[in-house]
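Visitor: Okay, here's what each chain looks like letter by letter:
2 protein chains.
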Amino acid sequence: MSFYDATVPAFLQILGSLSGLLTKAEAHCEARKIQPDVLFNARLYPDMLPLSKQVQLACDFAAKGCARLTHSEVPSVPDTEKTFGELKARLARTIDYVKTFKPEQFEGAERRDVTFPIGSANTLTLKGQQYLNHFAFPNFYFHAATAHGILRHNGVEIGKRDFLGVN
Amino acid sequence: MSFYDATVPAFLQILGSLSGLLTKAEAHCEARKIQPDVLFNARLYPDMLPLSKQVQLACDFAAKGCARLTHSEVPSVPDTEKTFGELKARLARTIDYVKTFKPEQFEGAERRDVTFPIGSANTLTLKGQQYLNHFAFPNFYFHAATAHGILRHNGVEIGKRDFLGVN
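Chains A and B supply the protein sequences, listed in that same order.
Numbering of the first sequence is given in our numbering, commencing with residue 43 and proceeding in unit increments.
Numbering of the second sequence is given in our numbering, commencing with residue 43 and proceeding in unit increments.
The hints are simulated quantities; they were obtained by calculation from the structure and are not laboratory data.
Heads up, some of the hints might be wrong.
No copy labels: a pair is met if it fits in one copy or bridges any two.
[Claimed, not checked] 20 Å max Cα-Cα, derived EDC-like pairs, lysine to aspartate or glutamate:
| hint | residue 1 | residue 2 |
| --- | --- | --- |
| 1 | Lys202 | Asp89 |
| 2 | Lys202 | Asp102 |
| 3 | Lys66 | Asp89 |
| 4 | Lys66 | Glu199 |
| 5 | Lys75 | Glu199 |
| 6 | Lys169 | Asp47 |
| 7 | Lys141 | Glu115 |
Produce the complete structure using the sequences and hints provided.
Guide: Next comes the structure, spelled out in structure tokens:
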């Protein structure tokens, strides 16, 4: 077991399950004659980020998390997706990117410093393990579970097994 | 860094932040003359678990996760909480319990077999690292973030910083 085993498979599990959630959301829209945009832009509260942005942020926390932990170039992906199809393509590209990382790149990464932006003007430096535990994972799972919650609240027939990717 | 560092602090961060979310929920109810039961029993959809159960399950995945990873006796806590105060006490007891674990107990736990129930009739055996990544963490964060989503949807003034415990 290595630090790679603690990171990459965890991100891949949920990125894959998010794609499955979007497939069910699309089917739900088609079956109920709902404009896909309605779910794509749905929020749990007016000043909260919509479904699309929750998925984009989950992609970013996974991709940037792997990059920062391995001291690789941190990717910057514009949020241009306008449809479920485009959002699933974003997830697929993120999955492909996360899969490019090799276990060797994560060797010792749990003890290395990771410096990352917090807010718009500050940075924070943590050891890799702390960065993963206290920043990358909770942010990643937060946006993924919030995406699930938005779809669930809108009546899409999904549950925790879909979130875990075991359905 | 040890496997302990990858588990216990992660659970403690979010268990603590959940207690903070409940404190804000209580204050919200008091300020708006809302019966606390309304939020306590709130759901994002009729066939979804209510706020109280989301918090109870987050407690269970943290406590049982630590117990199973260290091959300790797995605690079983009845879900008897009826108020925010009782739910915060449950979180506090869970935090105390998780804090009883020592780094030595987690040594090598990432490679040891963990057998755990899935559904009502089956068990699954995974290596500790896989159990943590693919079961304990995603379940734990799922219920914690869903609790946040329920409160957010009901107008409690919280955000991701509260979920991360940095507010």
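Visitor: If a hint holds in the structure, say so; if it doesn't, say that too.
Guide: Right, here's what the structure says about each hint:
In this assembly of identical chains, Lys202 and Asp89 lie within 20 Å of each other by CA distance solely across copies; the values are 12 Å between and 25 Å within a copy. With identical chains, the CA atoms of Lys202 and Asp102 are at most 20 Å apart between copies only, with a shortest distance of 16 Å across copies and 22 Å within one. With identical chains, the CA atoms of Lys66 and Asp89 are at most 20 Å apart between copies only, with a shortest distance of 18 Å across copies and 26 Å within one. When the C-alpha separation of Lys66 and Glu199 is checked against a cutoff of 20 Å, the pair qualifies only within one copy, where the shortest distance is 8 Å, while the shortest distance between copies is 31 Å.
Only within a single protomer do Lys75 and Glu199 lie at most 20 Å apart by alpha-carbon distance; the minimum there is 15 Å, versus 34 Å between protomers. Proximity of Lys169 to Asp47 under the C-alpha cut-off of 20 Å is found in both arrangements, the shortest distances being 17 Å within a copy and 11 Å between copies. In the homo-oligomer, the alpha carbons of Lys141 and Glu115 lie at most 20 Å apart inside one protomer (15 Å), although the nearest pairing across protomers, at 37 Å, exceeds that limit.
Hint violations for this structure: none, all hints satisfied.
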